[in-house]
Amino acid sequence: MKRSPFPRNAIRKMARRICLAGAALGLTLIAGHASAQAANPADPFEPFNRSIFRFNDAVDEAVLVPTAKAYRAVLPQPVRTGVSNFFNNIGDVWNFANSVMQLRAQNSAQTFMRLNVNTVFGLGGILDVATELGIERHREDFGQTLGRWGVPPGPFVMLPVLGPSTVRDTAALLVDLNGDGVAAIRPVAARDVSYVLRVVEERAKYLRASQFLGDAALDKYSFVRDIWLQRRQADVDDGKPPGADDDGGGR
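Going by the working numbering, the first residue of the sequence shown is number 11, and it counts up by one from there.
Hints listed in this document are in silico derivations from the structure and should not be mistaken for laboratory results. Please note: incorrect hints may appear among the correct ones.
[Unchecked claim] Restraint-style ranges between C-beta atoms, simulated for each label pair:
1. E71 x D202: 33 to 43 Å
2. A199 x V69: 34 to 44 Å
3. E146 x K215: 15 to 25 Å
[Unchecked claim] Here are the computed lysine-lysine pairs in the BS3-like style, where the Cα-Cα straight-line distance is at most 30 Å:
4. K230 x K215
5. K230 x K79
6. K79 x K215
Backbone N, C-alpha and C fix where the C-beta goes; we use that ideal spot for every residue, glycine too.
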């Protein structure tokens, strides 16, 4: 029987070293993964969220960006502004309802004035007369209302197509969808076209910003998540530090 040119002890030592190196590499990867997870405690579902983010990015690049570019190329700026104003005016109905639920007296009064001024003097909201008169818009939704009354946001989640959210805001989506003024548009075909038109108009507003984000951010996902969470908390606090609320009510 022909003997192996390598002694058995040397083979065993080599195998041991390979196993130890593999174990060390595995521990390093696990530790790195754990540290990445611990980098933002608000995002415990980061691996899953990143996969959804990549999916959304692909849909955006393949569908929304080309559609938004065509929309900008076909419609002149005054028409696009009128479309945006119209949807903002419809949205002020739900903004007003949430301001009332949050007991924000000043916001409620200003939004009520905006609705009346733009609907009557702005040709149903196509012209934003209220902004020209200095009446501020307050964007509110049911997620902010829940946050106003002390419901914690919970973990960050990335929703398919809809984008960044939290557990609290995701739970509030059903209420927001029912409160959306576009949902009341009839016939149904006109409502569906309105939904699509609003999405395209919103995406067209941020074409340059998204291009800048893609060029500037080293980790686009982390940048979007962190900025969104900060802005969302500012929305709930109504731009004021905790405890500096003039209208009363909890956070």
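Structure-based check of each hint:
{"no.": "1", "hint": "E71 x D202: 33 to 43 Å", "verdict": "24 Å, violated"}
{"no.": "2", "hint": "A199 x V69: 34 to 44 Å", "verdict": "24 Å, violated"}
{"no.": "3", "hint": "E146 x K215: 15 to 25 Å", "verdict": "19 Å, holds"}
{"no.": "4", "hint": "K230 x K215", "verdict": "19 Å, holds"}
{"no.": "5", "hint": "K230 x K79", "verdict": "22 Å, holds"}
{"no.": "6", "hint": "K79 x K215", "verdict": "10 Å, holds"}
This entry does not satisfy hints 1 and 2, going by the numbered hints stated previously.
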